[in-house]
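Take a look at the letters that make up each chain.
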Amino acid sequence: MNIPKNLLYTKDHEWVHIDGKIAYVGITDYAQHSLGDITYVQLPKAGEEIKQASYCATVESVKAVSEVYAPLSGRILALNPELVDHPELINQYPYEKGYFFSMEFSNESEKANLIDASNYERYIEGISK
Amino acid sequence: MNFIPHSKQEVQQMLQVIGVNNIDDLFQDIPATLKPKSFNIPAAKSEFEVTQILYKLSLRNATGLVNFVGAGFYDHFIPAAVDAISGRSEFYTAYTPYQAECAQGWLQAIYEYQTIICQLTGLDVSNASLYDGGTALFEAMMMAVRHTGRNRIILDSGVNLIYRTMLYTYTLNLSIEFVEIPVVHGQSSRQDLLKHLDERTAAVILQNPNFFGAVDDYSDLVLSVHKFGALAIASVYPVSLGLLKTPGEMGFDIAVGEGQSLGIPLSFGGPYLGFMAAKNELVRQMPGRIVGSTVDSEGKRGFVLTLQTREQHIRRQMATSNICSNEALCALRAAVFVSLLGKEGLRELAEHNYQKAEFAKDQLSQISGIEVKRSSPTFNEFTVCLSRNADEVVHRMIEKGFACGFPLGRFYKGMDNYLLIAVTEKRTREEIRRLVDSLEAVL
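Chains as they are written, first to last, in this note's numbering: chain A, 1 to 129; chain B, 1 to 443.
It is possible that part of the hints are untrue.
[Claimed, not checked] Simulated DEER-style distance windows between Cβ atoms:
#1 B:344 <-> A:88: 42 to 48 Å
#2 A:19 <-> B:227: 46 to 52 Å
#3 A:84 <-> B:299: 49 to 55 Å
#4 B:318 <-> A:84: 17 to 23 Å
#5 B:40 <-> A:36: 53 to 59 Å
#6 B:318 <-> A:19: 29 to 35 Å
#7 B:60 <-> A:39: 44 to 50 Å
It is worth saying that the hints were derived from the structure and are not from the lab.
The beta carbon of each residue, even a glycine, is placed where N, CA and C say it ideally should be.
For reference, chain B alone in the conformation it holds in the complex (with noise of 0.2 Å):
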């Protein structure tokens, strides 16, 4: 069987129809300097000769290490229903499920997960989702641009790398100016912070716990922020909010976040979850879906797409975002979690994490070559400071079994002799007891 749709014959007829020669005929308006050479793409292979190669190439990743890395995506338990739920064929084959008349379910899921997100970050309004942490950020953003009609941004660069980097990505070609606010002991300055709070600032960005793990309450800086008619941003952790102040309760305009903890599995590229709620007042600046709740023509409950026609495919150039999808498989895995858990095991979850990690905390630092930093409160994730390269020590640990933590030396100058370890539910503290050992003989 031919699985390309079109014969050479079919390809002439088609060519000579529209009147030009070749193929390339239709691409000459792009300038030859922006055409590749080539698009090295190898000979053909044979399936089995791919699935070799495909195997190889999967044995060289360090697999069953025991995993104290964090940095944003996070090692959580991942209860079966969660796999069994939404691997259901009725959510799993569809695609982009939005037509009210055959998609009530899909909708009313995404309705559910909407209404979690809200109750997670303490706002009114959440969206469908979005692709991921860092794209919800450039959008939470460009809401407070569209908002304020300003074009300047105080970044906290305890944002994580990742989400500061795309932030700078895709603003490359929009007047937007940064200003990258230093944290200092691995906390964000208020002081500097507030000194670049001016008429001109169309939102403040700040995270929490923020990269280096530091748990803050942001509510008197949020109240500044206000003063000068800027929104307040938070990207946050969802499962910290279980123990955690929201960020509807620190006065946040905007929430969003990296939803991958909710019931994703960690995997190298995603595809992962994008969060994003807000107040009332800037529903219309949100980007993306929002599935309401409405009544049927005989009075019964039902779902559908609301506020479509700021979308894209309404009114194209009036849109207030280039996002027309969501990652909806993935917000149906982090409702379906959620709900699991239920409100009082969401907490639990929290405790849990925060109660491992203290007591990580507590055996690293009884050990010489670790200094644990202490300076602020911490969630699940810590920083300690090493008597030798955080780099070094993180490749001799993995022979010992353990992805022991990210050397903050990768995404910040002058630390690398700093490591950042997290400590989810899963790890025992027997698998703590056997890190700290491993880690007092490595150093």
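Isolated chain A, as found in the complex (with noise of 0.2 Å):
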């Protein structure tokens, strides 16, 4: 399972990659892994207001629907413009080209209730059992 160190996640199984004030935000390996071949996915609109841990987007795959929740709050400033018509992106590369948007997060101490990669790793560890 690829876990990169240098982002945050979730127990949701949503990462964050934290560049200044800007967050891009993606569903971890694990999740797409879990959630098999996605076939859709509904981004929230550029412009719109987010909570952190409130519903965000919906990923749709063969197995299931899942509702994705933000990591931080703050505002969308871009969605991921391939992943309209390349949902499997998300499978194929989901901390890269599978990101879902990037977001300007506008309160710095919710980092606190996101986890590092080790914490991670240990958390998905803990459900597979």
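With the hints in hand, could you dock these two chains into one complex?
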């Protein structure tokens, strides 16, 4: 299971890449693997305000439909334009071409609610057992 | 035999197990103000008494009238094959027949129905049907609200008042803002519609032909609607689509309508048929069921419910709609009806309707006391202005054996002398001539 060290994670299996005031958001390798082939993703709208831990996107796979929750509060900057026609990018490159959107996050302290790679690794090991 | 499944003792036993004294205790959370004081149920009657009461009630129906009433529901001929096929027990007795393992026939029938609706409307996807034209229109409106993230609806008052009322009722506790645009001389006012279009508008809702029978090509208006990022929704009369430009050709995003005219008999309160078709990009906003075609493990073609994940039986809190069923039997009738007619037959049917209505217009305009409104083309229904109150005329005409039309004053203020007349393929020249003669005598 690929869990990059430089990212932060949620227990709902979202990842965040923080670059200054901007955060890039996607779902983890574990998440895409559990969902199976992803067929559709419904993204929020650019400019939309989202709140940490609230619903912000939907992922539909051949097995299930899952909600994606915002890892941080803030405003959506841009959506990954490739995902509409190529949702399979989430399966293929969950941490790169399969990212969901970029956002400007508004509350630095919310980072404390996220976990780092080693904690996330332990967390999913716990689930798998 | 006792038809009540639980005896008093059984009920007592169950109450004891859960630790309450009587059934009313289970409903104590409902405020007393919301509880009816009485259900006002009369004393029981014997089967014979009930039969007599209902028989007497049925005698109050005006039957055998020559029907020129439309107003959204039309008196079309239904070939016997529609009853014969849809009445087969494989179809007739099935309930929620969606289990792919044992309902391939039904699923295929609904798939064919969906194909027919797409071809009729000129749009990409159809669902497995909805309850009636009004619920279909409400669902279409909610699709636009979800898709655009906006809540303002521009509603043309040429849309059937029954449907407009349904939209208002359904949205009573939702934050939807309606702007109703009055018709001008029985036509939708482009000027007024365009004036109200803005970036907050989720959808513009139009009807074609509109309630007054006016046929329009809304292509230009749809273009303007799209410029504001809003959706264009059309409520349409399916039989007219045999002849008229389709909603798809006009650029509409969603088309809905009442499918009763496709092989379903007229009856008070239905069951009727709501149909809905939309552009492909809206498929995930579509309510209800969609049957899709696929291949099984042996590579053979099969049919399944598709995109079910959006439905309330899987994710209730995230479902696109509360619609969790469809009108399978009525949809089947529509599919059989259209299949029997075929492409040519549907066109011929539409032409008969159009031409008979034109014939009636010509005949009616020759008598005094009637002015046939000719400000726009019509399909099989048109508005006339009478020299006296249309409601009174309708009642006098019933005595002469005619349901001569729908008095527009019932739905529109200041139109007491206006009558809406529908002429389907079932009306003969002789019946039309008799209608004209009788109207002349009454006026």
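Quick rundown of the hints versus the structure:
| no. | hint | in the structure |
| --- | --- | --- |
| 1 | B:344 <-> A:88: 42 to 48 Å | 44 Å, holds |
| 2 | A:19 <-> B:227: 46 to 52 Å | 36 Å, violated |
| 3 | A:84 <-> B:299: 49 to 55 Å | 30 Å, violated |
| 4 | B:318 <-> A:84: 17 to 23 Å | 20 Å, holds |
| 5 | B:40 <-> A:36: 53 to 59 Å | 56 Å, holds |
| 6 | B:318 <-> A:19: 29 to 35 Å | 31 Å, holds |
| 7 | B:60 <-> A:39: 44 to 50 Å | 56 Å, violated |
In summary, the numbered hints that this structure violates are 2, 3, 7.
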